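Asks: If you read the sequences in order, they're chains C and V.
Numbering-wise, the first sequence is residues 94 to 396 according to the working numbering.
Numbering-wise, the second sequence is residues 326 to 531 according to the working numbering.
Simulated from the structure, these hints should not be mistaken for laboratory data.
Keep in mind that this is a model prediction, so the values were computed, not measured.
Accuracy of the hints is not assured; some may be wrong.
[To be verified] Simulated restraints, written as ranges between beta carbons of each label pair:
#  : chain 1 : residue 1 : chain 2 : residue 2 : range
1  : C       : N121      : V       : V431      : 50 to 58 Å
2  : V       : L442      : C       : F258      : 32 to 40 Å
3  : C       : Q253      : V       : A402      : 21 to 29 Å
4  : V       : R391      : C       : A120      : 52 to 60 Å
5  : C       : Q390      : V       : C351      : 42 to 50 Å
6  : C       : A170      : V       : A428      : 38 to 46 Å
7  : V       : I411      : C       : A216      : 24 to 32 Å
8  : V       : T521      : C       : T101      : 48 to 56 Å
9  : V       : R393      : C       : Q260      : 51 to 59 Å
10 : V       : R393      : C       : P326      : 20 to 28 Å
11 : C       : I114      : V       : L442      : 42 to 50 Å
12 : V       : T521      : C       : G145      : 31 to 39 Å
[Stated by the list, open to error] Facing chain C, from chain V, some residues (calculated, C-beta under 10 Å):
#  : residue
13 : N362
14 : L383
15 : F384
16 : K385
17 : T403
18 : V407
19 : P413
20 : V414
21 : V419
22 : Y420
23 : I509
24 : A511
All C-beta atoms, glycine included, are put in the ideal place defined by N, C-alpha and C.
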Amino acid sequence: MKDIVKITASLTGICIAAAIILGVVFANTERARKQTEEKMTEETIQGLLGFGHGKKAPEDLKVFPVHRYVLNDASGATLLGYVLPLKEKGYVLGEIDLSGKPGKVLPLTVEPAALADASKRDAAVKAALPKGYKATYASTVYIADLGGKRLGYVVPGVTQGFKTFIQLMVSLDPKFTVTGVAIIESKEDPGLGAEIQQDFFRNQFVGKTQDVLKNLKVVKEPLPEDYLPALEPEKAKRLGGLGPDKIKEIKKKHLKDDIYALTGATISSRAVTNGVKDTVRKFVYRIEILSDAVKQQNIQVAF
Amino acid sequence: MNRNLQLVWNGFIPENPIFRLALSLCPAVAVTTSVKNGLMLGIAVLFVQVMSSCTASLFKSVIHPRIRIPAYVIIIATWVSVIDMILPVVSPAVYNEIKLFIALIVVFAIIISRMELFASKEPILPTFFDGVGMGIGFLFGLCLTAAIRELFGSGQLFGFDVLGFKPLLIMILPAGGFFVIGFIMATFNWIEYMRTGKLPRAAGGH
C-alpha cells in the first residue's frame, strides 16, 4: 500500500516537472516562432510571385490578404464573409450567401497589423457582425498587384498525403494559369514522398492552364531526359546548360504532359496533383463569385 | 586508455547501435536514403541521447525503480519537445531540414536502452561520454548506410551527382536499406572474426 502511494506521487511529480518545463519553454518561444512563421509565409508568397532567391520585390508590389469566414446567422443559415481591404483606408466584411448573391456590407474597425493576428482578426469580425451570428475562419488568399495591375494570386490548399495532410500554396496568373507550387508543410517519408519538395517535381505544374489542369493525371513513367534540365533551371545554369529560349521551347513541348510520378512515391505525387487541381478549381469558382459581388455592391476594394 | 574515451570508442565501433546492438533499425532503414538525411537525424539523436541520459543519471535516486520506463519516456519526450520548440526560434533554416526527424526520436529503442542499461547505474560524467559515444556511433551508422544507398540508388553523394546514372534503384527503396545494413553487419562480424578468431556474441533488438 505504501509502495503504490510512493510510485503514484513520484510519477505525478515527474509529469508535473515535465509539464512545467514544457510550459515555460512554450511561453518563451511561441511569439518568436509565430513571427518566423509569418515571415516564412511572406517569403514563400514573394517567391511564388517570382521575387525570391535574392531578387528583391519591387516597391509597387502589393499583396492583399483576403480572409474568408463562414458565418452562421441566428436562424442557422450559412453565409460567407470576406474581409476586404478598401481603396481608402479601412476594411469591410462583405457577405455572400451560398448561391452567390451578395448580402450586407459591414464596416470593420481594425488596424492592418491586427488583421495578421488570427485571434484579433476573429474578434474584429465578431464585433462587426450583428448579435447571434457565429463566425468561423476558413482560409486566406493573397491577391498581388504590381504597379496597379493584377500580377496574380497565391492560394493555399490542403490535400491528403501518404500519411497526413500536405499543405501547399499555388500561385496563379490573372488568367488562372499555374505559375508556381510550394509545399508549405508535409510529413511525407524522407527520401521518398518528401521529394515532392524538389524543383523538378514542383515545376512540372508551372505553365499548366486551366484546361490542362482539368484533365491532369499522374503517370508512372520516368521523366523524359530533355525535360529535367528545363525543370531545374538553377541547377542547369550551374552546369552551364540551357539558355532561356531553349528552356521555354522544351517547356512548351511538354506543356500538355501529365505529371511524372516520383519514383517510389506515386501516392504523394498523386496527392499533390489532386491538391493543386482542387485548390485551383475552388479558387477560380470563389474569386469569380467574389468579384461579381464586389462589382454589384460597388465596394471600392484596394486590389 | 582513459575510461571516458573508452566509452566513446565503445559506442562508435565495438557496440555500435546499428551494426552491433541492432537497435533502432526501423528509423535507420527509413531515413537513410541520402547522406544529408542520415547526418541530420544522427545529430538530432546525438543531442537527445546525451541530454536524456544525463537527466536520467542525475535523477536516478529520485526515480522509483518500478516506474523507471515511464519516467524515461517522459524525459525523452520532454527533451524532444523542448528541441522541437527551441530550434525554430534559434535556427529556422536548420529546423526546416530536420523537423521531420525530431518527432521520430521519441520512440528510438537505442535511447531508452542506454538510459536503462547505463545511465540508471552510473554517475553523470561517464553517462555523458556514453551518450556521446552512442550518438556518434548511431550517426556513423546512418551516414555509412546512407552513403552506400545514395551512391548506388541515385548515383549521388550529399545531393551532388557523382556517377551520373542510377546503378541500382532498389537501394533507395526500403528493401535496399535492409540489404545494406545486413551487409555492413556481416562485414563487421567478419572483421571481428578475422581479428580475434571468435564469432561475436549475438545481438538483437528492433
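Asks: Please go over all the hints and tell whether each is borne out by the structure.
Replies: Here is what the structure says about each hint:
Judged by the Cβ atoms, the range 50 to 58 Å given for C/N121 and V/V431 is violated: they are separated by roughly 22 Å. Our hint of 32 to 40 Å for V/L442 and C/F258 holds, since their Cβ atoms are close to 39 Å apart. C/Q253 and V/A402 have their C-beta atoms about 27 Å apart, which keeps the hinted 21 to 29 Å range intact. Our hint of 52 to 60 Å for V/R391 and C/A120 is violated, since their Cβ atoms are close to 33 Å apart.
A hinted range of 42 to 50 Å for the beta carbons of C/Q390 and V/C351 is inconsistent with their spacing of about 58 Å. Between C/A170 and V/A428, the C-beta spacing of about 42 Å keeps the proposed range 38 to 46 Å intact. The given range of 24 to 32 Å is respected by V/I411 and C/A216, whose C-beta atoms sit roughly 30 Å from each other. Roughly 50 Å separates the CB atoms of V/T521 and C/T101, a value that falls within the hinted 48 to 56 Å.
Against the hinted window of 51 to 59 Å, the Cβ-Cβ separation of V/R393 and C/Q260 comes to about 39 Å, which falls outside the hint. Separated by about 56 Å at the C-beta atoms, V/R393 and C/P326 break the suggested range of 20 to 28 Å. Checking the proposed 42 to 50 Å range against C/I114 and V/L442 shows it is violated: the Cβ atoms sit about 25 Å from each other. Distance hint check for V/T521 and C/G145: the Cβ-Cβ separation is about 57 Å, which falls outside the suggested range of 31 to 39 Å.
For V/N362, the interface hint holds, the least distance from its beta-carbon to any beta-carbon of chain C being 5 Å, beneath 10 Å. Restraint check, V/L383 versus chain C: the minimum CB separation of about 12 Å is more than 10 Å; hint violated. Annotation: interface hint on V/F384 holds; nearest CB of chain C at approximately 8 Å, less than 10 Å. The restraint placing V/K385 at the interface with chain C is violated, with a minimum CB-CB distance near 12 Å, outside the 10 Å limit.
About 4 Å separates the beta-carbon of V/T403 from the nearest beta-carbon of chain C, less than 10 Å, and the hint is met. For V/V407, the interface hint holds, the least distance from its beta-carbon to any beta-carbon of chain C being 5 Å, beneath 10 Å. For V/P413, the interface hint holds, since its Cβ comes within 10 Å of a Cβ in chain C; the closest pair sits about 5 Å apart. Against a cut-off of 10 Å between C-beta atoms, the interface hint on V/V414 holds, since the closest Cβ of chain C lies about 4 Å away.
Interface restraint check: V/V419 against chain C, minimum CB-CB distance 12 Å, threshold 10 Å, status violated. Satisfaction of the interface hint for V/Y420 is found here, the shortest Cβ-Cβ separation to chain C being roughly 9 Å, below the 10 Å cut-off. Because the closest C-beta pair between V/I509 and chain C is about 18 Å apart, greater than 10 Å, the hint is violated. About 24 Å separates the beta-carbon of V/A511 from the nearest beta-carbon of chain C, more than 10 Å, and the hint is not met.
Checked against the numbered hints given earlier, this structure breaks hints 1, 4, 5, 9, 10, 11, 12, 14, 16, 21, 23, 24; the rest are met.
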